[in-house]
Amino acid sequence: MASETSQATLHSSVSDVAAGGAAHASHGPTGLLRWLVTTNHKEIGSLYLIFSLVMLFIGGSMALVIRAELFQPGMQYVQPEFFNQMTTMHGLIMVFGAIMPAFVGLANWMIPMQIGAPDMALPRLNNFSFWLLPVAFGILLSTLFMEGGGPNFGWTFYAPLSTTFAPPSTSFFIMSIHLAGISSILGAINIIATILNLRTPGMRLMDMSLFVWTWLITAFLLIAVMPVLAGVVTMMLMDINFGTSFFDAAGGGDPVLFQHLFWFFGHPEVYIMILPAFGIVSLIVPTFARKRLFGYASMVYATASIALLSFVVWAHHMFTVGLPLTAELFFMYSTMLIAVPTGVKVFNWIATLFRGSITFEVPMLFALGFIVMFTIGGLSGVMLAIVPADFQYHDTYFVVAHFHYVLVPGALFAIMAAVYFWLPKWTGHYASETLGKWHFWLSVIGVNLTFFPMHFSGLAGMPRRIPDYALQFADFNMISSIGGFLFGFSQLIFVWVVIKAVRGGRKAPAKAWEGAEGLEWTVPSPAPLHTFDTPPAYDPQTDSPSRH
Amino acid sequence: MLKVIRSVLAAFFGVQSEANRQQDFQSTSPWKFIVVGVFMTLVFVFLVGFVAWLAAN
Amino acid sequence: MGRILYAYLYAASICLIVLSTTAQASSINTSSGFNMPPGVTEISREVYSLHMTILWICVAIAVVVFGVMFYSLIVYRKSKGAKPAHFHENTTVEIIWTAVPLVILVLMAVPATATLKKMYDTSDAELDVLVTGYQWRWRYEYLEEDVSFFSNLATPREQIYEAEEKGDFYLVEVDEPMVVPTGVKVRLLLTANDVIHSWWVPDLAVKKDAIPGFINETWFKVDEPGIYRGQCAELCGRDHAFMPIEVKAVSPDEYQLWLASRREAAEAEVAGADREWSLDELMERGAGTYNTYCAACHQPQGQGLPPMFPALAGVGMSVDPDGLRAHKEIVLYGKTGTAMPAFGSTLSAAELAAVITYERNAWGNDTGDLIQPSAIRAMLESQ
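Protein chains in written order, with numbering that gives the first Met the number 0: chain A, 0 to 547; chain B, 0 to 56; chain C, 0 to 382.
Everything labelled a hint here was simulated from the structure, so no lab data went into it.
Accuracy of the hints is not assured; some may be wrong.
Here are the simulated lysine-lysine pairs, DSS-like style, with alpha carbons at most 30 angstroms apart [to be verified]:
| id | chain 1 | residue 1 | chain 2 | residue 2 |
| --- | --- | --- | --- | --- |
| 1 | C | K247 | C | K184 |
| 2 | A | K510 | C | K79 |
| 3 | C | K79 | A | K436 |
| 4 | C | K184 | C | K116 |
| 5 | A | K510 | C | K77 |
| 6 | A | K436 | C | K82 |
| 7 | C | K82 | A | K506 |
| 8 | A | K499 | C | K77 |
| 9 | A | K506 | C | K77 |
| 10 | A | K510 | C | K82 |
| 11 | A | K506 | C | K79 |
| 12 | A | K436 | C | K77 |
If you want a taste of the chain C side facing chain B, the calculated C-beta under 8 angstroms gives, among others [said to hold, decoys possible]:
| id | residue |
| --- | --- |
| 13 | E88 |
| 14 | T90 |
| 15 | E93 |
| 16 | I94 |
| 17 | T97 |
| 18 | T112 |
Cβ pair distances, simulated, as ranges [to be verified]:
| id | chain 1 | residue 1 | chain 2 | residue 2 | range |
| --- | --- | --- | --- | --- | --- |
| 19 | A | A192 | C | V102 | 41 to 49 angstroms |
| 20 | C | E223 | A | P226 | 46 to 54 angstroms |
| 21 | A | E513 | C | V62 | 28 to 36 angstroms |
Positions of the beta carbon are idealized from the N, C-alpha and C atoms, including for glycine.
Excised from the complex, chain A in its bound form (with noise of 0.2 angstroms):
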C-alpha cells in the first residue's frame, strides 16, 4: 500500500473532496430531474447498472418461455412464430442491454476512482450515451406488440430472413441497433478519453489496474466495430424499404457478405463481452489470495494481442458457408491461436492463487467460478476451432452450451463479482455474506445443470433454435430447463442482496477488503458524490500494480 505520507496526504484531499462533493450535492434539480440530467460519474454508473439488471431480468423471463417450451417435446405454450421472436430479443437483449451497459456502469464507477479523476472526461455526453438505452430498448421491445411481432431471425439477424422474409416491425429493430450503438461507441469516446487524459499525475499507463486496462482496449475494439454493425444494418434497412439488394439473390447481391460483415463486428463483440470481465477478476483474486497479480506485463500484452486477433477471425463463425478451402484453414488457424494468449491469463490467475493467502468471501467466490466455467467454455471453443468436427458440432446445442458458459458463468459472473467487490465502496454496507453464499451456489448449480447437459444434446445431434424436438433429447432438455428455472429464480436473491445493502447492513470502512490495493480504496465509504476534485498524490514505485 502507499507508504504513510502520500497516504496521509490522499486523506487529507479526500477530506476535503468529501466536503466539496456535499456543497455541490445541495443544488441543482431534485428528484427524477435529477437523475435525467445528472452529469456525475457515479450516478451515470448506477443507472446502467440499474438498466443492465432491468434488462438481465426481462432477458431471463424470454430464456424462461424458451426453457418452458422446451421441457417437453411437443408444442405446449407458444407459437413457432413467438417462440423464434423470444430466441432472437432474448440474445439481443442480453448482449446489447444487459452485459454491455453493465460493464459500461463498472467503468463509470471505477474508472475515474481507479485513476484518480474527478469525472469522466465527457460528462455531458455521458448522460446523453446513457439515456440512447432506455430509448433503444424501449424501441427494441415495443416491435413484439406490432402487427407481425418482434424480430423473429436470431440475434445475428442473418440475411435474407431479416430481410425480404423479415416482419414489417424490422426498421424499428435497425433504429434500436442503431442507438445503441451510439451509445457504445459514445461510452468509449468517453472512456478513451478519461483514461488518457485524466489520470493522476506520476500514474503511467503501465500502472493502471487491469480493469482500466482492459476497458481501455475494449473501447478501442468498440470503436471499431460498432460502425461495422451500423453499416450492416443500414444495408438492411436500404434493402427493406429502399429497393436496394445488398443481400437478395434475385436482385444480385450476396447473403453470404451481410454474415461477413456481421462476424467482423460480431467476433470482436465476444470480446468486448469478456475483457472487462477479465479486468474484473485480476482486481478479485489478487485481492483474495492477499498476493500481487503474478505476470501483470504479459497480462496486458496478452489483452492487446486477444484485441489484434479478434480481427481475423470472423469466419469461424461461417465455416458451414462454403467458403474456400484455403480460407477455411487460414480462420481455422488463427481461431487455435487466439486460444493460447487467452489460456495465458488463466494460467496466471492460478499463479496468482499459488502459494497466497486465501479467503471466500462473495466476489472470489464468483470470481473463482468465473475462471472454472470460463475455462470450460474456452476448452469447447477450441474444439470448435477444429473445422471437420466443426461441421458437427455447428449450429447445435454445443454451441449453445459453449458460448453460455462463456457468457453466463463467464461475463455475467464477473459482473455479479464486480458488484459484490465494490458494493461496501458504493452503499457503504457490505453485502450479506450468508445470502451472497446462498445466491451464488444456486447460481453455479443452476447454470450447470442447465448448460452442461447442453453439451450433450447437441452432440447427439439437437440444431438450435428449434421451439420442437425428436424425443431422443428430451431427458436433456427437461434437465436444461429444471436448472434454467433455477439459475433465473436464483438472482431475485441478488436484487434482494443489493437492496439490503442499499439500505443497511455492516458498515465497510475506506478499505473494504483487506488485500485490496488501488485508488478506489483511499476514499471513504460510500464514495462521496465527487471525488478527487483534486488529483490524489501518486508514487508508481510504492503505488502500481507492476511495482517492484
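Let chain A serve as the given structure and place chains B and C on it in line with the hints.
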C-alpha cells in the same frame, strides 16, 4: 528498432518480463509500438494465410 | 474449498445417471445419446475420432489446470495459516506454459487439415443430386436421372400439438426420403429458394449451408444400407424445426427399381392433367396438397398469420369471383419480395388445380369455382 519488434513479438506471444516491460515504457511515445504492432499483425495474417495456402495445395 | 469439488463431482454423477438412461432411449442416429455419432461413412468415422481426440486433450488440460487450481485453493487458505509468497513473475515458466499449448494446437491442426481436405474433395462423384432448401421442405433433383421431388415432414400435426401419441421418429420422418445407392460417391449441390437453410445428417458428417444464389458442394459415400436422419441446421423462419432430412441408402439394384418407380409416378401425375376432374376429387386432392405446402403459413383453417402471411378464408382474392386469374397467377408464379414461392415449376398441374380449387371452396369460401388441371397446364405452357 529490433527492441520494438521483440516487444511486439512478446505481446503476440502474450509473455513479457518485467525488466523488458520497464524498458519499453521508458519510451515517451507509444506510436512506434502501435505502428510496428499493426504492421506485424499484417505480417502475421500473411504468414498464417501462407501456411493455410501451403496446406491446401 | 472442497465444496466446489463436491459440487462438480455431484453434477458429474447426475449427468452420468442421466446418460445411462438416455442411452437406452430410441436413437435417431448412431449417437450413444450423449456423444457425437460415429456415423456410417469413412469421413464421419474420421471426424468422430478427431472429435474424441480433441475432447480428451481438452479434458486432460482441464484436469491439470483445475488440479493446480484446487490444490492451491485447498492448501493456501488463510484459515490454515497460509502466508502469501511475494513472487509475481517468472518469464521462464510463462514461456513454457505458452509454448506447450501452442505445440498441442499444432498437433491438433495436422489431422484436422488432412480430414478437411478429404471432405472438400468432391472430384470423381458418380451421382449428382441438386438439393434445394425451401421454407420449409427440401427438394431433391437427380440431375442425370430426370427425377425430382419434394421431401416434406411426415409427422402429423396432431402429434406435435399433443393430440396423439408421438411416434419413434417424431419430427425426423419425411414423406419421400432421398434415396441413394450404397458404395457410390454422391455429390450434393446445395442451394436455396428463399432464405438460408443448412443440410445436416449427423451420421454422414455432412453439414453445408444451402444459400439462395449460391451453389455449395459436398459429398458422401455410404457403404451400409439404412435410413439416416437429420434436420435443417440454420434458422430459416417459423417452421425451421419441421423440415427434416431422411437419406435412405439401398443396394444399387434397388436404387434402379426406385428410380423407375419414381419416373412412372411422375408420368402418371402428368397424365392426370389429360382428364376432367370432379369437384370432390379436386377437393380431396387439394386438401392434401394444401396441408403439405400451404398450411404452415396460411394455417390449416386458412386464417393466415397477418401481416406476413395473409388469410385465405373469407377474404381477398380467394373469395373474389373476379380474383380467379390473380389467384392462379400468385400460386403459379409466386410474389416477389415475400415468402410466397412460385409453385408452377415444382408442383404438378393436377396438384395446382386441386389446391386452387380447394382454397376457393373450403372454409366456407364456396365460390363454386372448379379449376381443371388441363387449364393450369395450358397456362404453364403459354409461358
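Right, here's what the structure says about each hint:
Straight-line distance between C-alpha atoms of K247 (chain C) and K184 (chain C) comes to about 14 angstroms, which keeps the hinted pair within the 30 angstroms bound. For the suggested pair K510 (chain A) and K79 (chain C), the alpha carbons sit about 24 angstroms apart, so the restraint of at most 30 angstroms is met. Between K79 (chain C) and K436 (chain A) the CA atoms are separated by roughly 21 angstroms; this keeps the pair inside 30 angstroms, and the hint holds. Between K184 (chain C) and K116 (chain C), the direct Cα distance comes to roughly 16 angstroms. Compliance with the 30 angstroms bound is thereby established for this hinted pair.
As the CA atoms of K510 (chain A) and K77 (chain C) are separated by approximately 19 angstroms, the hinted pair is consistent with the 30 angstroms bound. Distance check on the hinted pair: K436 (chain A) and K82 (chain C) sit about 25 angstroms apart at the alpha-carbon level, within 30 angstroms; holds. Taking the CA atoms of K82 (chain C) and K506 (chain A), the gap is near 27 angstroms; set against the 30 angstroms cutoff, the hint holds. For the proposed pair K499 (chain A) and K77 (chain C), the alpha carbon gap of about 28 angstroms is at most 30 angstroms, so the pair holds.
Pair hint K506 (chain A) plus K77 (chain C) holds up; C-alpha atoms about 23 angstroms apart against a cutoff of 30 angstroms. With a CA separation close to 20 angstroms, the supplied pair K510 (chain A) and K82 (chain C) stays within the 30 angstroms bound. For the hint pairing K506 (chain A) with K79 (chain C), the CA-to-CA distance comes to about 27 angstroms; that is within 30 angstroms, so the pair holds. For the hint pairing K436 (chain A) with K77 (chain C), the CA-to-CA distance comes to about 19 angstroms; that is within 30 angstroms, so the pair holds.
Interface restraint check: E88 (chain C) against chain B, minimum CB-CB distance 5 angstroms, threshold 8 angstroms, status holds. This hint holds: T90 (chain C) has a C-beta 4 angstroms from the nearest C-beta of chain B, less than the 8 angstroms allowed. The criterion of a C-beta within 8 angstroms of any C-beta in chain B is met by E93 (chain C), whose closest approach is roughly 4 angstroms, and the hint holds. Nearest Cβ of chain B to the Cβ of I94 (chain C): about 6 angstroms, under the 8 angstroms cut. The hint holds.
At its closest, the beta carbon of T97 (chain C) sits 5 angstroms from a beta carbon of chain B; the interface hint therefore holds under the 8 angstroms criterion. Annotation: interface hint on T112 (chain C) holds; nearest CB of chain B at approximately 5 angstroms, less than 8 angstroms. Hint check: A192 (chain A) to V102 (chain C), Cβ distance near 42 angstroms, so the stated range 41 to 49 angstroms holds. For E223 (chain C) paired with P226 (chain A), a C-beta distance near 53 angstroms keeps the hint of 46 to 54 angstroms intact.
E513 (chain A) and V62 (chain C) have their C-beta atoms about 32 angstroms apart, which keeps the hinted 28 to 36 angstroms range intact.
The structure fails none of the hints (numbered hints given earlier).
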